[in-house]
Structures are given as C-alpha cells and as structure tokens.
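Visitor: Please put together the full structure from these sequences, using the hints given.
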Amino acid sequence: MEEKLLVSFWPHIQDRVSTKRIMWTVFLCLLPSGIAGVYLFGLHALLLIFVSIFTAVITEAIIQFLRKKEITITDGSAALTGLLVAYNLSPSVPFWIPMVGSFFAIAIAKQAFGGLGRNIFNPALSARVFLLLSWPTYMTSFVKPFSGLDTVSSATPLVLYKEANLNLSNMGLSYLDLFLGKRAGCIGEVAILWLLLGAVVLLFLRIITLHIPLSFLLSFSTLSWIFSKSGPFKGDVLFSLMSGGLILGAFFMATDYVSSPLTKKGKIIFGVGCGLLTFIIRRFSGYPEGVSFSILIMNAFVPLIDRYLKPRVYGKK
Amino acid sequence: MDIKTSLMIIIGMVFINNFILSKFLGLCPFLGVSRNIKPALSMGLAVIFVMTLSSIVTWLVYRFILLPLNITYLRTIVFILVIATFVQFVEMVILKKSLALYRTLGIYLPLITTNCAVLGVTVLNINNFFVNNHPVAGSFFYSVLEGFFAGVGFTLALLIMSGIRERLMLNDTPSLFKDLPIAFVVASLMSLSFMGFNGFRF
Amino acid sequence: MEKNNNLLKEFTKGIFRENPIFHIVLGLCPTLAITTSLENALGMGIAVIFVLVFSNLVISSIRKIVPDKIRIPCFIVVIASFVTIVELLMQGYLPDLAKRLGIFLPLIVVNCIIMGRAEGFAKNHKVLSSIFDGLGMGLGFSLAILIVAGIREFLGTGRLLGRTVFLGFSPLAVFILPPGALLTLGLLLCLFKKLKKGS
Chain H
1 MEEKLLVSFW PHIQDRVSTK RIMWTVFLCL LPSGIAGVYL FGLHALLLIF
51 VSIFTAVITE AIIQFLRKKE ITITDGSAAL TGLLVAYNLS PSVPFWIPMV
101 GSFFAIAIAK QAFGGLGRNI FNPALSARVF LLLSWPTYMT SFVKPFSGLD
151 TVSSATPLVL YKEANLNLSN MGLSYLDLFL GKRAGCIGEV AILWLLLGAV
201 VLLFLRIITL HIPLSFLLSF STLSWIFSKS GPFKGDVLFS LMSGGLILGA
251 FFMATDYVSS PLTKKGKIIF GVGCGLLTFI IRRFSGYPEG VSFSILIMNA
301 FVPLIDRYLK PRVYGKK
Chain A
1 MDIKTSLMII IGMVFINNFI LSKFLGLCPF LGVSRNIKPA LSMGLAVIFV
51 MTLSSIVTWL VYRFILLPLN ITYLRTIVFI LVIATFVQFV EMVILKKSLA
101 LYRTLGIYLP LITTNCAVLG VTVLNINNFF VNNHPVAGSF FYSVLEGFFA
151 GVGFTLALLI MSGIRERLML NDTPSLFKDL PIAFVVASLM SLSFMGFNGF
201 RF
Chain S
1 MEKNNNLLKE FTKGIFRENP IFHIVLGLCP TLAITTSLEN ALGMGIAVIF
51 VLVFSNLVIS SIRKIVPDKI RIPCFIVVIA SFVTIVELLM QGYLPDLAKR
101 LGIFLPLIVV NCIIMGRAEG FAKNHKVLSS IFDGLGMGLG FSLAILIVAG
151 IREFLGTGRL LGRTVFLGFS PLAVFILPPG ALLTLGLLLC LFKKLKKGS
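Protein chains in written order, with my numbering: chain H, 1 to 317; chain A, 1 to 202; chain S, 1 to 199.
No lab work stands behind these hints: they were computed from the structure.
Every residue gets a Cβ at the ideal spot worked out from N, C-alpha and C, and that includes glycine.
Zero decoy hints are in this set.
Covered stretches of chain A, as calculated for chain H (at least 3 residues, CB under 8 Å): (1) 158-169; (2) 173-179; (3) 190-199.
EDC-like mimics (lysine to aspartate or glutamate), calculated; alpha carbons at most 20 Å apart, straight line: (4) A:Lys178 to A:Glu166; (5) S:Lys196 to A:Asp179; (6) H:Lys310 to A:Glu166.
Guide: As structure tokens, this is what we get:
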C-alpha cells in the first residue's frame with residue numbers, strides 16, 4: 001500500500017471527529033443569538049438563516065462532488081459559514097442575498113483555496129463585504145426590532161452616532177437595550193447577552209482562547225475612549241463595544257482557527273491589529289462599521305505573522 | 001506644506017488608492033515577484049527607491065525644462081527616457097559600489113523601469129500638483145511624498161501577497177486555480193478588505 | 001501562397017494561441033483598470049492596435065541600422081512617439097474618452113505587450129510580418145479587454161455599451177470596482193486554463 005506523504009499546513013485537522021465536534025459546538029453556541037434575532041426581527045430573519053445555511057451546504061456538496069472529493073458537509077463547517085453569513089445580514093434583505101453570499105463564501109473564499117483548513121480569509125466576512133459592495137442599499141437598510149409585518153426602517157446606532165452625532169439617550173436607547181439586542185442591526189450581532197453566553201461556553205470548552213478577543217476588545221476600547229469624537233478620554237466605551245458587529249466579530253469570527261495565527265504572540269498581534277483597524281475605520285472612513293474589513297485585512301497578514309513568529313519546537317531551549 | 005494634506009497623501013497612497021489593489025499599476029512585477037517573501041521585499045525596496053528618485057527628477061525636468069520651453073506634450077517621451085536612463089545609471093553605480101546591494105536591489109531595477117507604476121506615479125504627480133501649468137504650493141514636497149508612499153503601498157501589497165502565496169504553495173489548491181488564478185482571487189479579497197478605507201477624512 | 005499562409009499565422013496567433021492577456025498574461029494594468037465599460041475597452045483597444053502596428057512597422061524597418069547596445073532606448077522613443085500621437089489625437093477628437101482612460105493612455109508606453117513584441121519579434125522579422133504580428137496581438141489584446149469589460153459592465157451595471165440589457169437580477173456594483181475586476185480576471189483565467197487543458 002502506498003503511503004502518501006502529507007505535506008500540509010496548519011491546521012492538520014486529521015481527526016475528522018474533532019473537526020465535527022468543534023464546528024457543531026460553535027454552531028450550537030451561536031444559535032441563541034440567532035433565535036433572539038428572529039424573536040426581535042420576525043420570521044423573515046428565520047427564512048434568511050435557513051436559505052443561507054442551505055445554500056452553503058449545497059454549494060459545498062456540489063463542488064466537492066465535481067472535484068471528485070469526499071463530501072464532508074456533515075462536518076458542520078459549511079453550515080457554520082452559512083449561519084455566520086446570515087448573522088451578518090440586515091433582517092430585511094431579500095432572500096437571494098444570502099444565497100449569493102453563501103455561494104461566494106463557500107465557492108470562492110473557501111473551496112477555490114482547497115477547502116477546509118486552506119482558506120486565508122474568513123469566508124463569511126468575505127461574503128459580507130462582497131455583498132455590501134454589490135448591493136449597498138439592501139445591505140445598509142435596517143429595521144427597528146418588533147416592527148412586525150410593517151417593518152419600520154431605522155438607522156443603526158453606529159450610523160446615528162457617526163452621521164447624526166447622536167448619543168445613546170438621543171437615540172432613545174439604554175445600555176440594557178443594547179445588551180438585549182433591542183436595536184436596529186444585523187440578525188446575529190445584536191443580542192449581546194446571548195453572544196457572550198455562547199462565547200463563555202466556547203472559552204470554557206477551550207475551543208477558543210481569550211488572546212484574540214481580549215486583545216481585540218481592549219485595544220479597540222482604549223482607542224475609542226481616548227480618541228473619541230466627543231473629546232479626549234470621553235469615549236462612550238460601552239456603547240462602542242455593544243454596537244455594530246464587534247462582539248460577534250471578536251469572539252466568533254476573528255477566532256476562526258484557519259484564518260488566525262498559530263502562536264499566542266501572533267494571536268495578540270492579530271487582535272491588536274483588528275482593534276486598531278476597527279477603530280480607524282469606524283472613526284475616519286466613510287463606513288460606520290469596520291469590524292468586517294479589519295478582520296479581513298488582518299487575515300491577509302496571518303501568513304506573514306506565522307512565518308516570523310514560528311512556534312517553538314518542542315524540546316528546544 | 002501642511003500636515004493634513006501630507007497625511008491624506010500618505011493614507012491615500014498606502015491604503016485608499018493603493019497602486020496595486022486600487023489603481024492597478026505595477027501588476028506585472030507584482031504577480032511575477034510575489035511568489036516568495038525575500039525577493040518580494042527586495043523588489044519592494046527597489047520600487048520605493050526608484051519611485052522616490054523618479055518623482056524628484058521628473059518634477060525638476062517638468063518644472064525647469066518642459067514648462068518653460070512649452071513642450072509639455074512631450075512629457076510621456078521625456079519622462080520614460082529620463083527614468084530609463086537614470087535607473088540604468090543607478091544600476092551601474094550600485095554594481096560598482098556594493099555587490100551585496102546589487103544582489104538585493106540591482107537585478108530588479110531594469111524590471112521596474114518599464115513598469116507602469118513608476119511612470120504612473122510621475123504622471124500622477126504632475127496631474128495632482130500642477131494646476132494650469134503652475135506648481136501648487138508645496139508641489140515638490142508633495143510629489144516626493146507621493147512617490148515614496150506609493151512605493152510603500154506597493155511594497156505592502158507585495159509583502160502581504162508573497163506571504164499568502166508562500167503559504168498557498170503548501171496547500172492543496174485545486175489545479176484549476178493553482179498559481180495565477182488563485183493569486184487574482186487573493187488580490188480581489190485583499191482589494192475587498194482595503195475598500196474599508198474609502199471615504200477617509202480627518 | 002506560402003507567404004500569405006505565414007502572414008495569416010502571424011495574425012491569428014495573437015488572437016488565440018498566444019493571446020497576450022489570457023495566455024502570456026501581460027499588459028494587465030489596463031485590463032483591470034479601464035474595463036469598467038465596453039466603450040472604454042473599445043477606445044483603449046484601438047489605441048493599442050494603432051501603437052502596436054506602427055511601432056512594429058518602424059522598429060522592423062530600422063532593425064538593421066539600430067546599434068544593438070542602444071536598441072531599447074530607441075524602441076522606447078519610437079513607441080513613446082506613437083503613444084504621444086494617439087494621446088494628442090484622442091484629446092483633440094474624443095476628449096471624454098481620453099479623460100476616462102486617464103493615465104492609462106500615456107501608460108500604453110510601458111504596456112509590456114508593445115515592448116515585448118518589439119523586442120521579441122519586430123527586431124528580428126521583416127516589415128510585413130511585423131505589421132501582421134502587431135495587428136494580431138493588438139486584436140488579441142482588444143478582444144480580451146472587451147470580454148472583461150463586457151462581463152464587468154453587464155454584471156456591474158446591467159448595461160452593455162451604455163444601453164440597458166434585459167436583466168433578471170439586480171446588478172452587482174462590486175464588478176465595476178477594483179475587487180470585481182480582479183475577481184473577473186481570476187475566474188476568466190480559470191476558464192482559459194480549463195479550455196486549454198481540454199484541447
């Protein structure tokens with residue numbers, strides 16, 4: 001029997017069972033946030049989630065079939081990508097948006113690179129930015145929670161802060177509202193409470209570590225606090241942390257194994273980079289939210305980070 | 001010469017209007033040299049060097065020869081000849097003075113000469129910093145700044161790309177996408193991510 | 001008869017077998033930058049054909065008298081002169097197009113295809129062959145950028161040559177932006193790789 005020498009890059013996820021376990025655990029930990037999203041924004045959000053996951057899984061199955069490779073859709077990674085794509089959408093987008101998004105995420109951002117473990121950029125975020133640039137109107141139209149069938153359009157707190165210079169009380173919101181997700185925003189990003197609970201579970205199970213989220217959030221908070229629009233050291237840090245997709249991004253997307261660094265030092269650099277870029281884009285660029293862009297940019301640096309911060313060889317001094 | 005304009009030029013050249021990811025200047029060397037990190041770094045340094053010096057020389061030529069003699073329509077011919085000549089000269093000097101430097105920078109110099117990025121930045125300088133055939137305030141300083149940071153932006157994109165491509169070579173990329181097509185997909189995703197800087201203002 | 005066959009070969013190779021963009025992958029900068037509309041691509045294509053044909057002509061004519069050591073600067077002067085002519089003509093008669101093509105008009109000088117043909121063909125071949133080579137390569141280049149521009153304009157705006165075409169979908173603005181250009185070219189290169197493998 002010929003044994004092929006497998007020269008591959010991290011992560012050498014040989015253990016199929018462990019990949020499956022990890023993916024589905026993350027999926028489960030993310031579910032509460034999505035349920036909250038559906039509760040807040042209505043059944044159309046549920047439709048979007050289903051369409052997104054379905055498209056992602058089908059795309060992966062078809063591509064793997066065409067490439068005559070083993071079909072691995074039960075490992076949960078396509079489903080997870082689909083879920084995350086939906087979580088990054090406004091609840092009022094037409095159903096074909098998550099279809100295009102998930103297709104792009106799986107076919108281009110993941111399978112074109114060779115499939116699981118080989119992508120450089122986070123697929124869900126790649127899709128989100130692709131969609132944002134393709135259909136900016138749809139992707140930036142949000143609705144108030146609990147609007148029922150006659151949705152009431154509303155700008156997100158971040159936009160209100162950036163464009164209209166409103167602060168929390170002017171917007172008619174409280175910190176508790178933000179924490180529970182009672183604001184206009186993307187399906188899976190608003191329910192901070194449920195996102196944090198899911199994150200705690202993942203941390204407890206050691207599926208993710210604190211290095212990236214903590215360095216991300218700390219660097220971002222510090223910069224927002226010091227260099228805020230309202231004046232030096234006057235930044236409303238709680239507001240900035242709980243608005244936009246920061247919590248979702250920091251705990252569930254920046255921590256994606258494949259597109260983040262190997263070493264602890266690398267992870268911290270990665271996190272700080274994300275925090276810095278998110279701050280800069282939110283503060284100075286034309287976009288109100290910078291989380292997606294900043295994680296993608298840092299994804300691009302990961303090969304360089306890993307190259308120059310090689311993990312210590314076991315046993316070496 | 002104010003800080004705000006200078007900062008906008010720097011951010012503009014490196015992030016918003018990155019020569020590779022946004023303006024599409026210098027793609028041939030970008031794709032050709034981005035397979036490995038070390039040559040990419042060397043090429044990047046050489047490009048910064050040539051772009052800065054070219055910006056200086058062509059500005060002076062435009063201001064003190066082409067403008068007074070009213071032959072600005074000869075700009076294209078004159079610029080490319082000027083760039084080609086003095087890069088040749090610089091190459092000879094480096095070869096004589098330092099073999100090590102030549103090995104790092106020198107072999108890329110002829111490649112850069114006929115590279116749209118260099119001619120591009122010199123023409124861009126003229127378009128940006130001359131109005132009605134008169135240099136704007138701080139024109140020379142801004143042109144040199146623009147030339148230098150255009151090179152920096154080029155090098156940044158090149159370095160990131162080489163890191164990614166080195167890693168991709170170890171991956172089992174589908175043969176349909178191997179080498180060039182996936183490089184374009186990577187560049188497109190990099191370009192997507194850099195779009196976050198659009199609309200930048202202080 | 002022989003001569004005509006050879007000329008035909010020189011002509012068609014630029015279009016298919018050795019298409020400068022899809023096969024040799026040269027001349028990328030304009031391919032990505034100006035292909036936001038078919039009209040731009042058409043304008044650029046014609047400009048490049050003009051410069052290619054005439055520089056090949058001149059360079060081939062003077063190939064026996066140009067000293068080898070200074071041939072590159074000489075070629076550059078020839079190419080740059082024709083580019084300047086095109087620039088001035090376009091600025092005079094088609095100023096809108098000239099504006100849209102922007103810096104890529106003077107940048108035709110450093111389009112690797114033109115120098116590539118001068119150095120790789122015109123300096124070693126007779127005038128008539130060189131003209132046909134230039135024509136073929138120019139047409140191949142034009143064809144390639146027209147394809148890219150067509151895809152980008154259609155997907156990105158739902159129009160072709162400025163006229164709305166029947167759509168079943170909402171146009172994807174990303175295709176007239178830089179990331180879309182890179183993605184289009186990347187996927188086209190895949191397609192051509194597949195076609196080549198199949199043949």
